Each structure stands twice: as C-alpha cells, then as structure tokens.
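Using the hints, position chain B against chain A.
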Amino acid sequence: MEQYEPERLTPAQVAAMRRSFRNGRASLSRRSLLRASAGGALAVGGLGALSACGIPAAGKTQGGVSAEDHSAKEKTINFSNWTEYMDVDDSEKHHPTLDAFTKRTGIKVKYTEDINDNVEFFGKIKPQLAAGQDTGRDIIVVTDWLAARLIRFGWVQKLDASNLPHAYTNLSQQFRDTDWDPGRAYSYPWQGISTVIAYNKKALDGVEVKSVSDLLDNPKLKGRVGFLSEMRDSIGMTLLDMGKDPAKFTDDDFDAAIARLQKAVDKGQIRRFTGNDYTSDLTKGDLAACVAWAGDVVQLKADSPDVDFIIPDSGYLTSTDNMLIPNKARHKTNAERLMDYYYEPEPAAELAAYINYVCPVDGVKPYLAKIDKDAANNPLIIPDKAMAAKSHAFRSLTQKEETAYEEKFAKLTGA
Amino acid sequence: MAAVTEAPPLAPQPAEKPPRKRGRLVPYWLLLPGILWLIVFFALPMIYQASTSVQTGSLEQGFKVTWHFQTYWDALADYWPQFLRSVLYAGAATILCLVLGYPLAYLIAFRAGRWRNLIMILVIAPFFTSFLIRTLAWKTILADGGPVVGALNSLHVLDVTNWLGFTSGDRVLATPLAVVCGLTYNFLPFMILPLYTSLERIDGRLHEAAGDLYAAPFTTFRKVTFPLSMPGVVSGTLLTFIPASGDYVNADLLGSTDTRMVGNVIQTQFLRILDYPTAAALSFILMAAILIMVTLYIRKSGTEDLV
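Chains as they are written, first to last, in the UniProt record's numbering: chain A, 1 to 415; chain B, 1 to 307.
Chain A with its partners taken away, still in its complex shape:
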C-alpha cells in the first residue's frame, strides 16, 4: 500500500493519506483487530451476567394441545415426509396416490420432503413445539423412538378413532402393539423398516457372512464392515446376535453389546458408523458387508446385482416410521382422513410397489400382485409368517436411559 505514492499529490496530501492508512478508523491493522476482539470478549463476558432464564421444561405443554380445527373451511393438509418416501409418476412431479386422494376428497395436500434425519428434524420442530406453537405441519413422519419422545413430551395430538376406520381394521398385527403408544392412540405407521445384514458379493470374494458375529470377528473382513450410526439398529442387531431380546434387555446387556462392538472398533474391524450413505460404499465395494435397512437394499439390488442381504438366524430388528399430528396443527381431521386413506389396500399397494419398505397394511397382497408380482412375494415388503416370527422390536427407553445409552454409543463411535 505504502509504496504507491503518485507524484502529483502535494506532500501534505500524501501525509494525510498515510495517516489515514496507518491510524485512520478505516485501517484494519493487527492491533485494531486484537483490540476489537478483546473488547468483544469483554462485552460478552459482562453481558453473560444477564443470564437468560434457561430453557423451560419440555413436558410443560400438556398432552395433545389442539388448535381450532380448520379442516372444514380450509381444504388442505401440510404433510412433511422423508425424501423418496412417496410414489411419483414418470414426470417425477406428481404423486399418484396423493392426487387420487385430492380427487376423491377435494383436500389439497402440500407435500414437503423436509425430513432427512430424525435428530435434525427434532432440532427443527423443537422450538415451536416447546413454545406451544403451530409448526405449520399437519402430519409428520418420524421413527419410533422420536415418536415415543414426542408422545412422552405431549407434543402430538390424540387421534380420533372414528376418523380412522380403515387404519383400525387393516393395521398388521406385527405393528399393533408398541410399548410407547399402546393401542395406537397417537400414531399410525407409515412404513415398516427392517434392519438386516447387506453384503456385496464381489467384495466378499467368497467369504461367508451369516450373522453379526461374522461381521465382528472374521479377520478377512477387517476394515470393510459397516454399522449404522442409529444406536438402536446397531445395538439391537448386536443384542440379538448375543442371544438377548432387544424388547427386554437390561443395562448390563447394553454394556455387554457396547463392549462387543468396542472390541471390533479397537481391532479396526469396523470401518465406519454410517447414516444412509452406506449405500454408495456398499455398491462400490468399499464396504463388503454392513448392517443395513432392507428398503434400501431392495432398491440397491435393482441397480447393482452384486448387492444382496441376509437375515441372521438370530433374527432382525423391525421399527416403523410413524405418522403423527403435532400440537396446534390446523387441519387435524383432514390429516386423519389422509392417514386412513393410506390404510386402504389399494393406495397402500400402489405406495408399497414404489417405495419397497415393509407395508404395515393387511390385505395388500392381491392388489400389489396386480402391479408387481415380485414385490408381492418379497418377504421384505409383505412379511410372511417365517419372516414375521424373526422380527424383533427395540424397547422404548426412559429419558434417563436414552441419554446414558446415546452417550455410551457416541463414545463408541468416536464421540
């Protein structure tokens, strides 16, 4: 900066210019930066004394606060769901089952795919729900444990059974009893999720994988095994492998499962704990075998023939993604009608044919067979008796357990 001093300026002007560069308010110098940051730190320290009053208890908004139901006047629903969890037509712009619903009832559905991750979504809706405000959503779809938490906090509304006749009759036996929502008073499953073991035939190169033990112990798979970053899936599958029931395990069982996984982590057997991104690792063969969600595997199989799955003899874990109506939702009745609609076998079959997860609706098979014969016979979509017998659920946890377990699991995965 300083070396450029055009000759046509008078000496006084040059001096003024230099002063302004060096000492002027505009000059960003080392010293001014230090001063500013020190000042900022002091100011924050001082103001910190005005301690804000904390975060109010979550449970204070009591069980299912309903707003005035605008369903009759406003023929709309705001539906928040996960990405790629709804049928789309060839133009990828329309959702045939939703369009059929609108045609029949006149209720417009504003469908938003804004859920990517349970924990993140909870972070997103928590402020409004904790403050007892409308989230702007009439139906949300979240996994069991988060649904359980929302019910426990009283942040979702009790459903009106008279609006849900199909749901009541057609819900599969397998999903009827949950310990966190007895009698399905607050929630109905959108889809079921099976946690199984997936593998890449080419990457396995003849190594046999039949159980979680094989994943954890076979030295030939060192560094090429994946587990899920969802605590319940990884621990649940390990518990099953150890002969424990994830529906009723103790603290000691949990610790034993953590220790078993920790040993594999220390050996370098487990490459990563992944979210949904294991799918690309598996198709590329970076992961030879991993704990995986069956719905993903069905879709992966279509594109890469090397990928397949097995169900361990010790069983597999089933969870559900559940439809819930948050507190203060404006269109509760409309939302219940939509929930009920997806429990009619025909739309349920259309949905199941598209998204390949476990269909929670009874009587879907003949309709599904008309659309896609293979899907109708796939036990991962419509579980047969043998399949259903191997299915296990992870029990619901108290707040205290949840915190302690998540903390231990976080330590296992590197914090």
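Wrong hints could be hidden among the right ones.
BS3-like cross-link-like pairs, simulated, lysine-lysine; straight-line CA separation at most 30 Å [said to hold, decoys possible]:
| # | chain 1 | residue 1 | chain 2 | residue 2 |
| --- | --- | --- | --- | --- |
| 1 | A | K201 | B | K223 |
| 2 | A | K202 | B | K139 |
| 3 | A | K390 | A | K220 |
| 4 | A | K400 | B | K139 |
| 5 | B | K139 | A | K210 |
| 6 | A | K73 | A | K103 |
| 7 | A | K267 | B | K139 |
| 8 | B | K64 | A | K408 |
| 9 | A | K400 | A | K126 |
| 10 | B | K64 | A | K263 |
| 11 | A | K210 | A | K267 |
| 12 | A | K201 | A | K301 |
| 13 | A | K248 | A | K220 |
| 14 | A | K202 | A | K390 |
| 15 | B | K64 | A | K126 |
| 16 | B | K139 | B | K223 |
| 17 | A | K385 | A | K201 |
| 18 | B | K139 | A | K220 |
| 19 | A | K126 | A | K110 |
| 20 | B | K139 | A | K411 |
| 21 | A | K124 | B | K64 |
| 22 | A | K93 | A | K124 |
| 23 | A | K370 | A | K93 |
| 24 | B | K139 | A | K301 |
| 25 | A | K400 | A | K411 |
| 26 | A | K222 | B | K139 |
| 27 | B | K64 | A | K411 |
| 28 | A | K284 | B | K139 |
Calculated directly from the structure, the hints in this document are not laboratory data.
These figures come from a predicted structure and were not determined experimentally.
Then chain B, alone, in the frame of chain A:
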C-alpha cells in the same frame, strides 16, 4: 521523502464553526445497520449460548442457570483428544493449503498473462456445487479399488503412511489422511484468493530492482516477494484454519471412529444426546482456543495489515 515528514502540521483552526450536530451523528447512523446485525446475529446468540453452557437439567425437566462451570472442565476432560485432533488436522490442512496454494497464486499473479481470468475461474468454480457433494466426490476418487489407491499401493506410498499412522491397511478412505485431504481440498480457495490479492499488488518494478542489485531469483523471492505477501499469507492461513478446525463434514464422511473432530462431538452432544450445556461449553472452548491461537499467531507473524 523528507518533504513528507516535514509537511506542515494540520493545526486545529479555532476560527472554524463547530460542526452541526446532525453531521456529527451521521457516521453512527451509517453504522447502525451493521451494529444491529452484529447484535442480532452475533451478540445475542453468544449470550444465549453462554447462558446455556452454565445451565443444568434435561429436556424433560427443563434447563436452569445454575452457574455450573464444572461443565467446561468435564467437557475438556472427556473430549480433549478430539480438540487436539481438530487442531492437528486443521493445522496440517492449512500447511498443505499454503504449500499447494502459494505456487498457484504466484503463477496467477505474475505468470498467467491472459490465462489469469480463466485460472481464477477454475479456482472458484468448485464453489458452484455444494460443499457436501464436493466432499462426497472424494469418496469416489479415493475408493478402495480405485485407480488412485491402486497407484499409491503399487508405489508403496501407503506402506509409508501406514507406518506413520496416517492410513490403515491398503486404503485411504476412513483414515486421518482422507480427512486432511478433504479439508485441504475444501478450503484451498480460501488460501489462494487472499494470497493472490496480496501478490498481485506487488509492484513488478521491485523484482526488476532486486535483479539489478544482483539478487538471484530465489533471493528475490525470499527477501522481496514473500515478505510483501505476508498479509496474504496471514489472512489465508486464518481463513483456512478457523473454519477447518470447526468442520465436521469431512470427518463424518471421509473419516472413521478415530478421526472424529470437535465439530462432530458438538453435533452429537447437541442433536443426539440433547446435552445442550455441554455442546455450548464445547463451542465456547473451541472459540476461545481459536482466539488464543490466532492472537499468538498474528503477534508472531508481525504483519501490520491483514489484507
């Protein structure tokens, strides 16, 4: 230059009328939007976070301010390895960025000629895609069976890095090396741009003068070019180091259990364990650590200007 120092002092002229009140306030009015912005998006969140960090409780029972400073010690005692790792990874990435970025910035500033704009666009172009996608691309580049890893294996490079503990087995992904590579790649433009601006500003005649005084090219670089580019080096390293040390995406996607950085810990504490005080305390410790390191660094590097 003597004339400059002897310039007549700008003595205050008492005869002049005092400036009108409104005029004096104008700078403050102009500052107002900036100050409001700082209050709303910086000061208030900081206060809120400071308050959160000394609260105790749970989401179910609610959190109350109990001035529980112990949280800070507990967080530090539990997670110091992740802190240390963040500093090491970010430091390594910063050095790599400097080593890679300096020659490129030099080339663009002095040698590129009419290619200058094209190369600049190439440096900035990756920003047109999302951070996540750019990071995921590295999973394809460094795939276990891929050509890069294959070449490194046949050259026995991975044996060396393996011995040094940077990689494990015959793979690069899910190792510290992959995370540092990802960080380096993602923050390289933040190094190149300030370096370029400060190199570009150097008067070419100074190089000629150095040559006239019989300085070898390397001496010219060491005694003239590099010292004059120090502001760029300082701001480039800061712009790289600070975001890199708080990054969690690279460690999450390219790393494994033994490469988790403090950003990952904060994310887990905040979203999964719902331990907001610990998450807030960790953030403050990270902020303080960066502030101290940056202060020491700026003092040491001895530059007056930051751009």
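Consistency of the hints with the structure:
1. Taking the CA atoms of K201 (chain A) and K223 (chain B), the gap is near 61 Å; set against the 30 Å cutoff, the hint is violated.
2. Our distance criterion of 30 Å between C-alpha atoms is met by K202 (chain A) and K139 (chain B), whose separation comes to about 19 Å.
3. Among the hinted pairs, K390 (chain A) with K220 (chain A) is consistent with the structure: their alpha-carbon atoms are about 28 Å apart, no more than 30 Å.
4. Taken as a hint, the K400 (chain A) and K139 (chain B) pair is broken in the structure, with Cα atoms around 38 Å apart against an allowance of 30 Å.
5. Using a Cα cut-off of 30 Å, the hinted pair K139 (chain B) and K210 (chain A) holds, with the two alpha carbons roughly 28 Å apart.
6. This hinted pair checks out: K73 (chain A) and K103 (chain A) have alpha carbons roughly 17 Å apart, not beyond 30 Å.
7. With a C-alpha separation of about 23 Å, the suggested pair K267 (chain A) and K139 (chain B) falls inside the 30 Å cut-off, and the hint holds.
8. Distance check on the hinted pair: K64 (chain B) and K408 (chain A) sit about 25 Å apart at the alpha-carbon level, within 30 Å; holds.
9. Pair hint K400 (chain A) plus K126 (chain A) holds up; C-alpha atoms about 19 Å apart against a cutoff of 30 Å.
10. Distance restraint check for K64 (chain B) and K263 (chain A): the Cα-Cα separation of roughly 39 Å exceeds the 30 Å cut-off, and the hinted pair is therefore not satisfied.
11. Only pairs whose Cα atoms come within 30 Å are accepted, and K210 (chain A) paired with K267 (chain A) is accepted, the gap being roughly 20 Å.
12. Taking the CA atoms of K201 (chain A) and K301 (chain A), the gap is about 11 Å. The hint holds against a cut of 30 Å.
13. For the given pair, K248 (chain A) sits about 33 Å from K220 (chain A) by alpha-carbon distance, which is inconsistent with the 30 Å threshold.
14. At roughly 28 Å between alpha-carbon atoms, K202 (chain A) and K390 (chain A) fall within 30 Å of each other, so this suggested pair holds.
15. A hinted pair counts as satisfied when its Cα atoms are at most 30 Å apart, and K64 (chain B) with K126 (chain A) qualifies at roughly 18 Å.
16. Between K139 (chain B) and K223 (chain B), the direct Cα distance comes to roughly 42 Å. Violation of the 30 Å bound is thereby established for this hinted pair.
17. Between K385 (chain A) and K201 (chain A), the direct Cα distance comes to roughly 28 Å. Compliance with the 30 Å bound is thereby established for this hinted pair.
18. Taken as a hint, the K139 (chain B) and K220 (chain A) pair is honoured in the structure, with Cα atoms around 22 Å apart against an allowance of 30 Å.
19. About 21 Å separates the Cα atoms of K126 (chain A) and K110 (chain A), which keeps this hinted pair within 30 Å; it holds.
20. For the hint linking K139 (chain B) to K411 (chain A), the alpha-carbon distance of about 25 Å falls within 30 Å, and the restraint holds.
21. Between K124 (chain A) and K64 (chain B), the direct Cα distance comes to roughly 22 Å. Compliance with the 30 Å bound is thereby established for this hinted pair.
22. Simply put, K93 (chain A) and K124 (chain A) have alpha-carbon atoms about 26 Å apart, close enough for the 30 Å limit, and the pair holds.
23. Note on K370 (chain A) and K93 (chain A): the hinted pairing holds, with a Cα-Cα distance of about 24 Å set against a maximum of 30 Å.
24. Of the supplied pair hints, the one linking K139 (chain B) and K301 (chain A) holds, its CA atoms being roughly 21 Å apart against a limit of 30 Å.
25. Straight-line distance between C-alpha atoms of K400 (chain A) and K411 (chain A) comes to about 17 Å, which keeps the hinted pair within the 30 Å bound.
26. For a cut-off of 30 Å, the pair hint linking K222 (chain A) to K139 (chain B) stands: about 19 Å separates their Cα positions.
27. About 26 Å separates the Cα atoms of K64 (chain B) and K411 (chain A), which keeps this hinted pair within 30 Å; it holds.
28. Restraint check for K284 (chain A) and K139 (chain B): satisfied, since their Cα atoms lie roughly 10 Å apart, inside the 30 Å limit.
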